[in-house]
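J.: Next come the chains, spelled out residue by residue.
There are 2 protein chains.
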Amino acid sequence: MSFEIKEKDLLGRIGKLKTKTATVETPLLFPVINPSSQPIPSKRLKETFGCQAIITNSYIIKKRFNQIPIEQGGLHKFLGYDGAIMTDSGAYQILVYGEVEVTQKEIVTYQEGIGSDIATILDIPTGWKVTKEDAQITVAETLKRAKAFFDLKTRDDTLWVGPIQGGRHLDLVAQSAIEMSKLPFQIHALGSPTEVMENYRYDVLADMILTAKNGIPHERPLHLFGAGHPSMFALAVSLGCDLFDSAAYALYARDGRYMTENGTWRLDQMDYFPCSCPQCCSQTPQELKQKPAKEQEIFLAEHNLHVCIAELRRIKQAIRDGRLWEHTEMRLHAHPALLSALKRVRNYEDLLEKYSPTAKPSGFFYFNAAGLARPEIVHYRKHLTQRYTPPTNAKILFLVPQTRNKPFHKAPEMKKIRQLMRIIGPDLAAQIHVCVYAVPFGIVPLELDEIYPLSQHEAAMPPDLETINYVAEQTAEFIKRNNNTYQGTILLNDKKIWNNIIKDAVQDACKTKDLSFDSIETNPEKPKETLTQLTNTLHKQLNTK
Amino acid sequence: MSFEIKEKDLLGRIGKLKTKTATVETPLLFPVINPSSQPIPSKRLKETFGCQAIITNSYIIKKRFNQIPIEQGGLHKFLGYDGAIMTDSGAYQILVYGEVEVTQKEIVTYQEGIGSDIATILDIPTGWKVTKEDAQITVAETLKRAKAFFDLKTRDDTLWVGPIQGGRHLDLVAQSAIEMSKLPFQIHALGSPTEVMENYRYDVLADMILTAKNGIPHERPLHLFGAGHPSMFALAVSLGCDLFDSAAYALYARDGRYMTENGTWRLDQMDYFPCSCPQCCSQTPQELKQKPAKEQEIFLAEHNLHVCIAELRRIKQAIRDGRLWEHTEMRLHAHPALLSALKRVRNYEDLLEKYSPTAKPSGFFYFNAAGLARPEIVHYRKHLTQRYTPPTNAKILFLVPQTRNKPFHKAPEMKKIRQLMRIIGPDLAAQIHVCVYAVPFGIVPLELDEIYPLSQHEAAMPPDLETINYVAEQTAEFIKRNNNTYQGTILLNDKKIWNNIIKDAVQDACKTKDLSFDSIETNPEKPKETLTQLTNTLHKQLNTK
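Chains F and D, in that order, are what the protein sequence lines are. Residue numbers for the first sequence follow our numbering, beginning at 1 and rising by one. Residue numbers for the second sequence follow our numbering, beginning at 1 and rising by one.
If you are wondering where the hints come from, they were derived from the structure by calculation, not from laboratory data. Fair warning: there could be bad hints in the mix.
Incomplete in silico selection of chain F near chain D, CB under 7 angstroms [unchecked claim]:
#, residue
1, Pro274
2, Cys275
3, Ser276
4, Arg314
5, Pro336
6, Leu339
7, Ser362
8, Phe365
9, Arg418
10, Ala459
11, Glu466
12, His539
Below are the DSS-like pairs computed for lysine-lysine, each with C-alpha atoms no more than 25 angstroms apart in a straight line [said to hold, decoys possible]:
#, chain 1, residue 1, chain 2, residue 2
13, D, Lys129, F, Lys416
14, D, Lys343, F, Lys495
15, D, Lys16, F, Lys289
16, F, Lys526, D, Lys129
17, D, Lys129, F, Lys415
Glycine is no exception: its CB is placed at the ideal position from the N, C-alpha and C atoms.
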């Protein structure tokens, strides 16, 4: 097995990928090397930037240098780089120019000849605005070539990439993923996302990645071709991409563009460097603008690469901390088109929940309804729906609002509830089932509230309307599901935060299931009155007075 | 005038503050210097980190060194630092220890004697969990001391800070701000926010800052005492704070804590440095953990300071770009308690709108309803409500959904609308007023859609429910306001995105004002049918068929 998963969170993972030259850690960025024009020498990429791997285009190298790399003893010597080297095949040139002057046999043989650690078959990219019929042709032709490839290859020490095509036609992506997975590739790649990204259709990209991911074996790494901007690394990793290549760090630099993990500036528009990398600490934009163009380009390429590499370290630390969602949600606020991608994730929440760990080293942060797709929330909802039963004696469901402090049962407000239970006495108290309605889980039976992560989270208050609606819906569903247990519901209503939305939903649910219902307003100014009201209502519902 | 505002956005600004030693640029961080234990020498602060100013505590220096700084020729020589030096007065020690062994006269004279560039009166901090009565006393005593101070001071080349107290009692903060503003301080400060921040009550902090800000002259800089964590700089600057001091960079370092602009890690929990600063590029956490404690402390102090300084550069670039809201909204996703602060801002939207520029160098990004407090949106709503009148011939309000491309009138979908106008002919077309319902502005008359920023923004789609409700409300209000102009409304309804919420609101508004109403569903599959339906409905409402 060439790929070993060490840590995981969401669909992201930290892994070890073993190539014939070096074992590299994923998520991994392959800086693109152009042997004819390279702002950062490949040696420096490894020694100063710690790049464990690079990528170059075997088609272009073959056209320009033909047998020279082989005569020099292979690609590693030719490029002066002793880390892992991946090669692309010219498929991107097919996308851009329509065709290439090489056969698959030639380019497979060439990649083996120059000694690529990771190599790519000559697939046919689908592209962006392509009809379903044309997309179908690219998927079929890529699959045909993939099958034919296994008769062409002669070395066993190269990791081969099987690209998945289909573009924005998700049924074709699914089909491509399933068929390509049947072949013994060590790595898969999602083909032709470049135009999708150029059009800021990160929502479509999310659909494509998740559809591909759903079709391929979890234990094979996924490469996202052409995704070289650090603002989208977190999204791509969260959705299960392990490998990236970036020509952007160098191309942007040549064009005077300064990358950050949140977007791009043009150098000529900058007064301040919003970065602490060694380059940005060494001079100001005013000083850099005075320098020769070549010096500016090298500065920007080095800065751009620093940003990319630091962002991948941040992502790895987030995976290790179990906080990849938080990190990604924050990053997606760099652009509305990125945030739109997060909204698509709810359609794949089962996939995320399946692979994400359910216990984590730390609590989580909830901001708004975009977070409802979180594995922790989906997991709890499934648990509550499929496996939870209320305590046996429970007759009255007593719903109380969430408290500022957690766990709920230790919060100061709960003293009042315990006082109420003492007033009515242990026999009646045993018939009362206290549940908290709370962001973001909906309803939390008090006896569960120390189970991770029901108390281990922080939520932004006041909640957004969609989140309140979710809490209301979950609470109402809970009542409907357990209508044989309870004979009635009493709601302690916190109108200020919840705006009667919980109340209305609970009332409707009780009406539907013919349960008695009472609602009492919270009133921190008059705790005694509230207590008396609650006592009376409990007695009324239990018919004990 | 010692403070000159160069650029502004929201309540933040880039300014020049002239002190007797140096002119410094704001927003500015004063690293706290502890002469007895300083992980980064003050000389290095200036030369390597570019710190233009530092702060130290005159009370502690007086206690420990008494006349030595004066004998050595002043504080600048004593500390070996030739930038601007601010001194605190011991007020923080009053908050922590209840009292100090110095009178206001002594500490005012001492600060003048050692030659502070910026100095602080001995105010009485309010603190956090303080009753209104006790808070009132601190406000009154601070004001009394502030008034008395002007008879004590002897030098005219020192900038003096007049702190505003009141704590979480906003009416007291308002009163303190107004009264302190009447005195000729060059700088104000918001007192005692430390405990508010320690309790993660950034929502309360936002209330306090904005209340203070509302009371003091716009042209005086505001210092936020004790706000040294980079995750909150953006929030504080957006709300109008210009000056910060940080002991945290050093205190956190001593405690093994690693700051980022998004939160704090403990070094012992880190596998990766999520940063590109020179320190973090030079070694891994594994390597650092092997080093002696003192070396770790210096590493962390330098890293922490790099992060703080880079964040302030980022904020300045954001102000210059007119993108401080975007930057702040992104940063507030570091913690739910920070995001809660943003939700408070809607209560002060007029204040933000008053001081924020209305024309900007770039468009803006809208993510969800938290953005409805943006000055651009408030400004447009006021304009539409107070100064807009529909075209004179308008009889039918024709509401069409927003298009993906902007400006709306150039979008492909609008071709259909122009075709419709040709079908009904120029006379009838002149009676149709086309308006777009759109996130986040609500309703945009088509003839305005090139005015900034009605087309210069990107919104995350699909919109959140609160935003849809806002669009519905704005559209309904527009109809009710202009009910004398229109005799009817036709809605092209995009149910997929808007879920009939716009339709219901528009229908209600029309009913209330006795206007005719028709709704036609968008149907991209059957454009011809839609066109026929629209033509017929227009004729029907205009009684021309």
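J.: Determine for every hint whether it applies to the structure shown.
T.: Hint by hint, here is what the structure shows:
| no. | hint | result |
| --- | --- | --- |
| 1 | Pro274 | holds, 3 angstroms |
| 2 | Cys275 | holds, 6 angstroms |
| 3 | Ser276 | holds, 4 angstroms |
| 4 | Arg314 | holds, 3 angstroms |
| 5 | Pro336 | holds, 4 angstroms |
| 6 | Leu339 | holds, 4 angstroms |
| 7 | Ser362 | violated, 9 angstroms |
| 8 | Phe365 | holds, 5 angstroms |
| 9 | Arg418 | violated, 24 angstroms |
| 10 | Ala459 | holds, 5 angstroms |
| 11 | Glu466 | holds, 5 angstroms |
| 12 | His539 | violated, 37 angstroms |
| 13 | D:Lys129 to F:Lys416 | holds, 22 angstroms |
| 14 | D:Lys343 to F:Lys495 | holds, 18 angstroms |
| 15 | D:Lys16 to F:Lys289 | holds, 23 angstroms |
| 16 | F:Lys526 to D:Lys129 | holds, 21 angstroms |
| 17 | D:Lys129 to F:Lys415 | holds, 21 angstroms |
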